[in-house]
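Colleague: These protein sequence lines map, in sequence, to chains A, B and C. Counting from 1, one number per residue, gives the positions in the first sequence under the working numbering. Counting from 1001, one number per residue, gives the positions in the second sequence under the working numbering. Counting from 2001, one number per residue, gives the positions in the third sequence under the working numbering.
Since the hints were made in silico from the structure, they are not lab data. A portion of the hints provided could be inaccurate.
Part of the chain B face toward chain C, derived, beta carbon under 8 Å [to be verified]:
hint, residue
1, Y1124
2, I1239
3, G1303
4, R1307
5, P1312
Please read these numbers as outputs of a predicted model, since none were measured by experiment. Every residue gets a Cβ at the ideal spot worked out from N, C-alpha and C, and that includes glycine.
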Amino acid sequence: MQTLKEVQKVKKTTLTSAFKSVGGEMYALAEELYPLCRSITGAGTRDTLEILKHHIPLVMSKIPSGTKVFDWEVPKEWNIRDAYVLDPLGQKIIDFKKSNLHVVNYSIPVHKKMSLQELRRHIYTLPEYPDWIPYRTTYYKEDWGICMTHKQFQGLNEGTYEVHIDSSLESGYLTYGELLIEGEQKEEVLISTHICHPSLCNDNLSGISMATFLAKHLMGKKNRYSYRFLFIPGTIGAITWLSINEQKTGGVRHGLIAALLGDTGPFTYKKSRRGDAEIDQVVQYVLERNDKRNKVIDFVPYGYDERQFCSPGFNMPVGCLTRTPYGEYPEYHTSADNLTFISADSLEGSLKIYLKIITVLEANRKYINILPKCEPQLGKRGLYEAIGGNNDARKFQLALLWVLNMSDGEHTLLDIARKSVIDFETLMEAAFQLEKKKLIKGRREKGDQ
Amino acid sequence: MQTLKEVQKVKKTTLTSAFKSVGGEMYALAEELYPLCRSITGAGTRDTLEILKHHIPLVMSKIPSGTKVFDWEVPKEWNIRDAYVLDPLGQKIIDFKKSNLHVVNYSIPVHKKMSLQELRRHIYTLPEYPDWIPYRTTYYKEDWGICMTHKQFQGLNEGTYEVHIDSSLESGYLTYGELLIEGEQKEEVLISTHICHPSLCNDNLSGISMATFLAKHLMGKKNRYSYRFLFIPGTIGAITWLSINEQKTGGVRHGLIAALLGDTGPFTYKKSRRGDAEIDQVVQYVLERNDKRNKVIDFVPYGYDERQFCSPGFNMPVGCLTRTPYGEYPEYHTSADNLTFISADSLEGSLKIYLKIITVLEANRKYINILPKCEPQLGKRGLYEAIGGNNDARKFQLALLWVLNMSDGEHTLLDIARKSVIDFETLMEAAFQLEKKKLIKGRREKGDQ
Amino acid sequence: MQTLKEVQKVKKTTLTSAFKSVGGEMYALAEELYPLCRSITGAGTRDTLEILKHHIPLVMSKIPSGTKVFDWEVPKEWNIRDAYVLDPLGQKIIDFKKSNLHVVNYSIPVHKKMSLQELRRHIYTLPEYPDWIPYRTTYYKEDWGICMTHKQFQGLNEGTYEVHIDSSLESGYLTYGELLIEGEQKEEVLISTHICHPSLCNDNLSGISMATFLAKHLMGKKNRYSYRFLFIPGTIGAITWLSINEQKTGGVRHGLIAALLGDTGPFTYKKSRRGDAEIDQVVQYVLERNDKRNKVIDFVPYGYDERQFCSPGFNMPVGCLTRTPYGEYPEYHTSADNLTFISADSLEGSLKIYLKIITVLEANRKYINILPKCEPQLGKRGLYEAIGGNNDARKFQLALLWVLNMSDGEHTLLDIARKSVIDFETLMEAAFQLEKKKLIKGRREKGDQ
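Take these sequences, add in the hints, and give me the full structure.
Modeller: Right under this line is the structure:
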């Protein structure tokens, strides 16, 4: 367990002064990653991981195309160098170099002239948002497509168009990055974020940036838990990791999917499938106290990679903590999810919330009262006199009594916070003092070292 | 389990076109049975069962008077041929042939002249409803009585009256009817209705008619469960059946008491004593979606034969589904509960509700995901492409994901409907498709064959 | 179990006519005890117990100073004969004989002249209530102090003061009183009240008086449970009793801390740490029906001696039933908590509530239906005919059916009262009649003889 001093250091130093520029650094990382054309495989994704390695010592795994992963198999590797469309006058009306969203992700190579009629069958637009380019993929069906603004689509004249997609879809690798920060215990907290979206910011450069800086922060500390960070392509990446690392899943005591963390909305936490896992309780507690607008919703079997971690054969204690949930803002999966849609402040606020959650997770234990019959005499141990008579002192004394009374090995500090309506930090301090005086001790848990 | 096709056939064919006249037929049966003077024993009850045999192959049981049935014994058989009262002028002022309610049910034979004062001690009226004749019984105390309108009672003059009740109370039989429709499984759904009331329609020709047509319908189908229908006199009939068939009670997985199904009120379901039996959950679900005015109430140990089925020594999963509950409408147990008080539409509506409940019961299973680790790849099985992009398709895809995720052998389809807020029929269809693709299988239950 | 007759006798005789003067007697006892200077040890406390012995045969226990009791030890015995303060003019401005609150309880002997400046460091007042003297203690730190009104404090002139505290703090005894009233069963109901406060009425002469008269009442009756009354100094007395009587704690099936029972406020019940102990259910039921203003609150680990009885090593089913809770009225722990603050009516009302609770506790049992299959025939046992047709009779018949149906050995009468919304007394009567007719029997509990 962290000592109180360390926690306070996190709280006071890290979360205020030291963080003055963290949001800016987080934003800068997103900015650096923005131009790359990521996908579930390919060079853009690998380059993304290489940039992250400037911040944290990621270990890269390369899984060959065709590898069986549960009911799926690792797809061919997709790479794209360039793409454009020439209109009947030979003018370049679509240019991949201007926006990689113009090409449906995983489009097969195309070099072909065609009528407008034929071209139209491959064009995707957003009639409701005529200035935005949609984001589309065709991972598991060999096809191709061009995304453009609806405004541009409406201006297309009849005639012969020329489509060039200089892509390749060949046997290769699926690549993901992983980082294990070892703690006092082998039991792990899993933080997973998806890295497969091209030039889209909130979904999910925000998650990538937050996870990177969270890992960076935790690397500098002595932690109770071990922390495992996954930077993986959505769905197939999670399935691949789970397939290869099945034996590690039992060691995950808490987990969070990090995504959609750069917009200005309040937080939404989607509980794990278990619904009452410790991570569910802790995130709910932190969010409730942070902002009344934050929301906690029940598990649903769609969304991000919690779908895989919470499939019934795993049922891991993994929830998903975002700001505005996916699909609930119009910019979602469009060219409007760009660098203006996210902000340094929002990214930093997201990092702070993740850190608060980790502070509570690290300190949340069940204690055992060593002198459980009647109250111990606090006065002779200086826990009564020391505290004078003001309000804070009284609150602290109540915290001591609550921790003593509830330390029967069945109640966590968070349970006590709920029952007593005393804030978690005060109870942490009380537990720290009581442990120092040998009045309580932490309960050994399965998985503790 | 019914295939989806069969269910839809029920839903579309049976419940609309084929039902155009079912309400009429149900009403006609009530009309045919109305004149008979039923009781807990005797010819009227036997004749009633004989008429039902024109519709369904009832098996009749005759239990001799004096048979010990738990704490009770089968009473003497009561029969009545005629009854009348002559006033001081010799005028027939009460005539059994005009209404069998005029004679207190189970009255002993009487042939006697008496003063008005003496007669009065045997007269029952309803001062609050002066035009209605009350329904009274004296099954377990040898006595006699005359029921009349309060208006007529107030017009009686002093003088000598002559009372003739041509009844008999002799050793004989208690008779009930029973029908077992065998299904794929031996486990049974019990539908029980009481048949002991004379010329009263809602209580309970409506129940008799509904149960008859429900049985008729189920006989024409291949059912998962076996269905046992009981047409029994109230209280003593249930006690008798339970006493003789004690070893069969363990095979009853769900049960409903059918009564009061012809009036125009919304439905009221009284839960089984267990309170959370599957039948309780299913009926609640169906009623909630059918009409906001429907009500579900907790078990109380009075009412109809659920009193016996839910006595603590049996505690069977048997609830009671009526329209307006007993005692909550003024016509209850009076001559106003006649053929104008019930309607073909209400009877048909009741049959439909029972059929909907049975549709859900039949399909409600716990499934086991055969590929529980991560999501299976739906696309390669045509469960993704097949469904296009419209709203229904999206809803159906969510249904597939919900069924897959919750199919851990612990959740029924109804549990999934509650959690997902997707309607049961869509989940049925999803389960049907997933089972066809060998992605899930039904969990074997104790009692499944 | 008490017979119904006995219960009704309590209800009608004792609680109305016989009680006409009980409140007066209770008040008179408080009046008699008021002048004594009680503390956690010493003559005042012993004298208090001697006076109680005029009412009930208390057994006194004397535990020597220095005895180890769990984490504590029995303190030195404190006695005080006189105390006064002379002002610079030699006038007696503080006189212990006028109010024993003037001296901080457990003050060491003092005979000393001092400046006002030095004296001030030992003076305690209540600026918010300038006419009241505060009550202060210094049990575990050898010190001394003078309590006075703030008004008097503000009038003190510079000069030399003379302080005389003729007290002693020497090896001696901690004394407490105990009374066991044996019942049919060895299992006990514990009633504990603290006796350590000097001239303060609500806290806690009211508790002492109530407990004394409750004991007196129960001694005259044949009870199901045994009743143990403790008259002990707060905290150290409870710790001492528990330390000496650890092996008896398992026999306590229900317990109440009695305190603050003389003011005019409604009742507040603080639940035991278990939260759903039978005592918690019973008190909640009685309070709800007694007055809408009564409150039930969750356990908190501070307050009176429930702190010790509900420490995690004991976790006894002991709640605390007061009127206005401690600290929630301004007179608390001041000279204003005097004989005008409590009343005969309030004391009597408190006794009645405790008696009602005991009536329910005594009668609250789980029964077993001897004929659990179907309903027994009530008519042939006179339980049907006897009751005619009025409302009370109908209610009583429903009570019979409820008790029969729920008597599966799992439901207490109180559970049935909750489910049926029939009042407990009617259900008691129904259970009494059914037991007489050998239709139900009480379930043997662990601890029953």
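Colleague: State for each hint whether it applies.
Modeller: Hint check results:
1. Y1124: violated, 12 Å
2. I1239: Holds. Min distance 5 Å.
3. G1303: Hint on B/G1303: violated, closest Cβ of chain C at ~10 Å, above 8 Å.
4. R1307: Where the cut-off is 8 Å and the nearest Cβ of chain C is about 6 Å from B/R1307, the hint holds.
5. P1312: holds, 4 Å
The structure is inconsistent with the numbered hints 1 and 3, although it conforms to all the rest.
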